[in-house]
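*Asks:* Residue-level listing of the chains:
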Amino acid sequence: MLLKFNIYFLEYKSYLIYSFLLWLMKKNICEAGDYVEISTKDEKFKGCLIPSTNKDIYVLKLDSGYNIGINKNKIKKIIRLKKFSAKKENIGKIVQKKNLRTISILHTGGTLASRVSYETGAVSAKFTAEEILAMFPELKEIANVHSHLVSNMFSEDLRFSHYNLIAKAVQKEVEKGVHGIIITHGTDTMHYTAAALSFILQDLNIPVILVGAQRSSDRGSSDSGLNLLCAANFIVKTNFSGVAICMHESMSDENCLILPGLKTRKLHSSRRDAFKAVNTLPVARVSKQGKVDFISSYEKRSSKKLKLKLINEKLKIGLLKSHPHMYANEIKTYSNFDGLVLEGTGLGHMPINKIDNLTKENEVIYNELSKLSKKIPIVMTTQTLFGLVNMNVYSTGRKLLQAGILGNYTDLLAETAFIKLAWLLSNYNKTEVRGLVNKNLRGEINEKLNKEFLE
Amino acid sequence: METLNYKELGLKAGLEVHFQLDTKEKLFCHCLTNLIERKPDFTIKRFLRPVLSEILEKDIVAEFEESKNRYSIYEAYNNETCLVELDECPPYELNEEALEVALQVAKLLNAKVVDEIQVMRKQVLDYSNTSGFQRSSLIAYNGYIEIKHGRVGIASISLEEDAARKMQEGKEHVVYRLDRLGIPLIEIATKADINNPEQAKEVAAYLGMILNSTGKIKNILGSIRQDVNLSIKNGARTEVKGVQELSLIPLVIKSEISRQLNLIKNGKKIQPEVRAANLDGTTRFLRPLPGASRMYVETDVSQILTKDLVKDIRLPKLIYEQVNELKNKYNLSNELSNEIVKQKIDFEYYHNKYKNIKVGILSGMLIMYKDEPNIINTLDLLNSGKITKDVFDEAIHGNLDLSKTKIDIKKIEDELKKIIEEKPELSVNAIMGILMGKYKGKIEGSKLIELIQKHK
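Keeping their order, the protein sequence lines are chains A and X. Going by my numbering, the first sequence opens with residue 7, and the numbers climb by one from there. Going by my numbering, the second sequence opens with residue 873, and the numbers climb by one from there.
There's no promise every hint is true.
In silico DSS-like links for lysine-lysine, alpha-carbon gap of 30 angstroms or less [claimed, not checked]:
hint : chain 1 : residue 1 : chain 2 : residue 2
1    : X       : Lys1063   : A       : Lys88
2    : A       : Lys52     : X       : Lys1038
3    : X       : Lys1043   : A       : Lys297
4    : X       : Lys984    : A       : Lys88
5    : X       : Lys1043   : A       : Lys294
6    : X       : Lys984    : A       : Lys89
7    : A       : Lys83     : X       : Lys1179
8    : A       : Lys50     : X       : Lys917
9    : A       : Lys52     : X       : Lys1183
10   : A       : Lys294    : X       : Lys917
11   : X       : Lys884    : A       : Lys294
12   : X       : Lys1020   : X       : Lys1214
13   : A       : Lys50     : X       : Lys984
14   : A       : Lys78     : X       : Lys1043
15   : X       : Lys1183   : A       : Lys80
16   : X       : Lys917    : A       : Lys297
17   : X       : Lys1183   : A       : Lys61
18   : X       : Lys1043   : A       : Lys52
19   : X       : Lys984    : X       : Lys1179
20   : X       : Lys917    : A       : Lys457
21   : X       : Lys984    : A       : Lys47
22   : X       : Lys1105   : A       : Lys50
23   : A       : Lys294    : X       : Lys1038
24   : A       : Lys47     : X       : Lys1063
25   : X       : Lys917    : A       : Lys243
26   : X       : Lys1183   : A       : Lys83
27   : A       : Lys80     : X       : Lys1063
28   : X       : Lys884    : A       : Lys61
29   : A       : Lys78     : X       : Lys979
30   : X       : Lys984    : A       : Lys82
31   : X       : Lys994    : A       : Lys78
32   : X       : Lys1179   : A       : Lys52
33   : X       : Lys979    : A       : Lys61
34   : X       : Lys1242   : A       : Lys50
35   : A       : Lys327    : A       : Lys338
36   : A       : Lys61     : X       : Lys984
37   : X       : Lys994    : A       : Lys88
I should point out that these hints are in silico values taken from the structure, not numbers from a laboratory.
Just chain X, with the same shape it has in the complex:
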């Protein structure tokens, strides 16, 4: 790909990034936000038909004609999904935990929070939502971020429900699983202030950092989805959906520019359209760009005044601030500090509790073993000197006979003296090898060297 002068090309790009929230419950019901890999307990079959507008728009009618004979199978569970996901029951109130995260994000992105939040219905007829619409509300607008490449405006921050999970698609029907439907999503749309591909990547990374600072972002494959919309001089606005990898963003932009340039060169007119990102960074046609948004009010949920809510919003420490703090306070490496923050480990708590364990070792153990059920017991043993770090792994998995750990230093010292007496020709390393083989886990290597050097 030749180097392009983006300024000359008049590149204007914006990002739309979706973050799945790791709240306890879904946006409009009390179901948990976990995906379920078990077979569904039951399925139901549904047909959708469009809610027409006053003027019967052609596109929506055409879409309906096309999908008229299609139906959907929804996979549901007795306990993990409820009547709300099945569209058999009106929604509950908007999830407060999710709203709090959205308001935090709004503040972190210097955006203005709307005075009254209105939940909207965005009509979708692809069966990805049982109701035939996606619930979405605009929380804040007109923010900005400052990054290396300069200031980029934030057009909007919305809170919406995730769609159902597509499991299978046939000619006449599509199978969706209801586990993902209703998980809260924050959608951030930047203004078209981005004018080179690397800047786009930086914006996405920075937004990721900000969102992750809330500690409420899901950290699984597909939990962050990026759309890029862009235009160049003499081209047309296109929207590329579903860029899964941050690193792909510049490539997607470059290949879309080349595609448009190619069309321009061949005298073809570029159509405004929605395209999908391929795994190799190229894009494919998805559908024409929709006209006016098909949005109307969700009458089943009451409006929310934000004045008092905004007052109570506490801002989280940003991730890079947290990392710097760890580095400075405990003299930890960049990698360890990053990992501790990423894994949401409360290092201060562990450090105060286990003062005898060196911070480097403590952080390493926490990063490696934080999800082990035995972690606290094993750290207790390490802290009180009953085991050494060399056998931490065996100890945490219960593979260590504790009655045999940690023998008398005196006994080792006696044995050491005996070896030196019998074989004075042995080097420190050789003696070390013999004793370590025998007393691994019972004495620290550094301590042993100290002893050998003392007696040799």
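Chain A on its own, in the form it takes in the complex:
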């Protein structure tokens, strides 16, 4: 009897200890960054607690530097040995040099500069001028640098409002009289932003260069450094004005290309040289040493006064890719939109012909397109990227023209057409829009295509 009681008592005692520990953990006494000792049934681990992606796992950075995951249900005890305290950063003050020009860096997202915490292993993006100069000390010899954070997000999350925000930030810097602006940007939709700024920033008289990194800046091999330095060199060494993209020319860290803001597309998901000019040539080549060679003619700096022609943030523009076995419902989806860009096949085609009993749906597609086209502007582009839309070659194209589809004889990239349509609808009435889609306003349309554009 006494023995039995003792066992109960022991069990009760261990239960109490267990619940106390559970309570301690639940109270989150130990936080990420703390140096702790974790005990399991037969082992002890010392290390720094790291945020975990799996709720059943504690991640510990051991003294060896390795992270390991430990199952939470194995853990008997966690003791904090040292509370986390962020180390003071040790970054020098910036000295402005009189003989250097000033460049403003506007951050919109993507990480151009990163620091790593060897204690927690966390990587953090850096945005102040001091931090950027610490990462890229060569920049100090090229220009005096200002730095501002406009937004911080993945570029795929950007909306029209962000284009306006960036444009306003550019205007602010222009008014301060800076020599040029670098916009750091996630690469996924960098070419959309470049197109948007090209339209919004009317009479821009300085260079606005978008720079990104295909290989993250938390690796020693990141392309961010060369892209940034080439952009800075291009800004201080030339009299170019306008919006352009500066990225690697090849897989080597040798040259960057300055690419036209309205005619550039990301053509690879990961390579450093993913950005290519489409249906035109790059503006210039900048070497790692800072030598600039112009490849195309360009707009020079002048005394123009910058005006903003913003994009209406409430507009709904669709972007639809033509494909086999389409349904009319795909067109109907856009019935309450303000504009639609089509990525047609070949010269600018859609499946709109009823040939036999199997192609009845195509007739419905055509009817829906014709109906929609009376309501909103629809612009044809080609999903081949290279080459132009010509809807006069096949009967399909002629039928589309009859339905009022715009974009004939243009080589607009679908992304550029999408931005252009939004911008036109924001700044012109409906009749004007239909007239301006096919007109070259900022260099978005090339009327003379050459062989060398696709080599």
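With chain A held as given, fit chain X onto it using these hints.
*Replies:* Frame of chain A; chain X shown alone:
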């Protein structure tokens, strides 16, 4: 070198051994794991810059300052290397085949497998990796081995990518070939439980045996690399990198001890440092011992839970077990058994297939000719008695006219009788000489002697 009392010296040594895995594909991409001796199809040029930590460490900054104007040329191939080695594409998932070997090794070394594997980036700025870091993950910890000299603890078993292959080094640049980059490596670090040089060699040999038992270790020059770290009383911890030969390990330890003793004797302070092993067993200064490891998480690869994987791990038979089994089952010699295991020959399969060939001969032929394309045909001929072992070499190389092999015993017997009749004075050996010259490959020597003795 005078005899040293290692106990008195307070020798504490540990080994770090790297084994290159013979998996089909690399650790984070689908390229094959072969080295390529052909000229590269193209090269690219790259500069690295450090990913700084929150506190700008002096050593890493200094290292960068020093290497700022250096660049690397990477030699690549159109088909044999891909965008992952060029750091132009994120890694694929961790190679399952390599992970399986690592888990096998963990079990064989009585180590504890981590619950969740995390791939880390270890920053390296010497251009040996295109990304600027080496991917490495801790698979297991806290194991041990039992050897003649007693128990030695295993601190860690990690799976990591091999570095690119250095082809050339100039003042301003270094040339690396991407063929070796990403080949899986298993790194085994022992605890500092080793206290004499011969024990270190035994540990290395035993680890080699265990790893080779998996059948997944590359067997080429430089595929196994050993580092020794050691300290003695009043000395400092030094790490000696790249001991290529097992037999050099005791010598390296002894010469490093003498170096430290010499410095102590002359009243000099010993610096903790990384040294490199020379071919003669002496060592040379390489760099100061790095501070805290520059490791951070590889965010491009997801974590791996090991619970279910560990359950399915099947352990290979250890090499010495395999050798003993061959010796006992087939009565083969130690040398032949060792060689069969080393060459990964499935002897049981061949033995069942070729029952008429004596095991000694069969094993010999397999060891000598296993890579010949004709091996199966030729063994068939031998097994069916169409050829004899004396002409095996000619047969396997297609230098034997099969229509002329294996003549009627009766015909030889007739000729034999004729010789004995004509020249009865000839000895058995002399007759043997005459007939062997004529019928080599068509009749076994032993059979011929039998015939001669029958008629003489």
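*Asks:* Among the hints numbered above, which are violated by the structure, and what are their numbers in rising order?
*Replies:* 2, 8, 11, 14, 18, 28, 34
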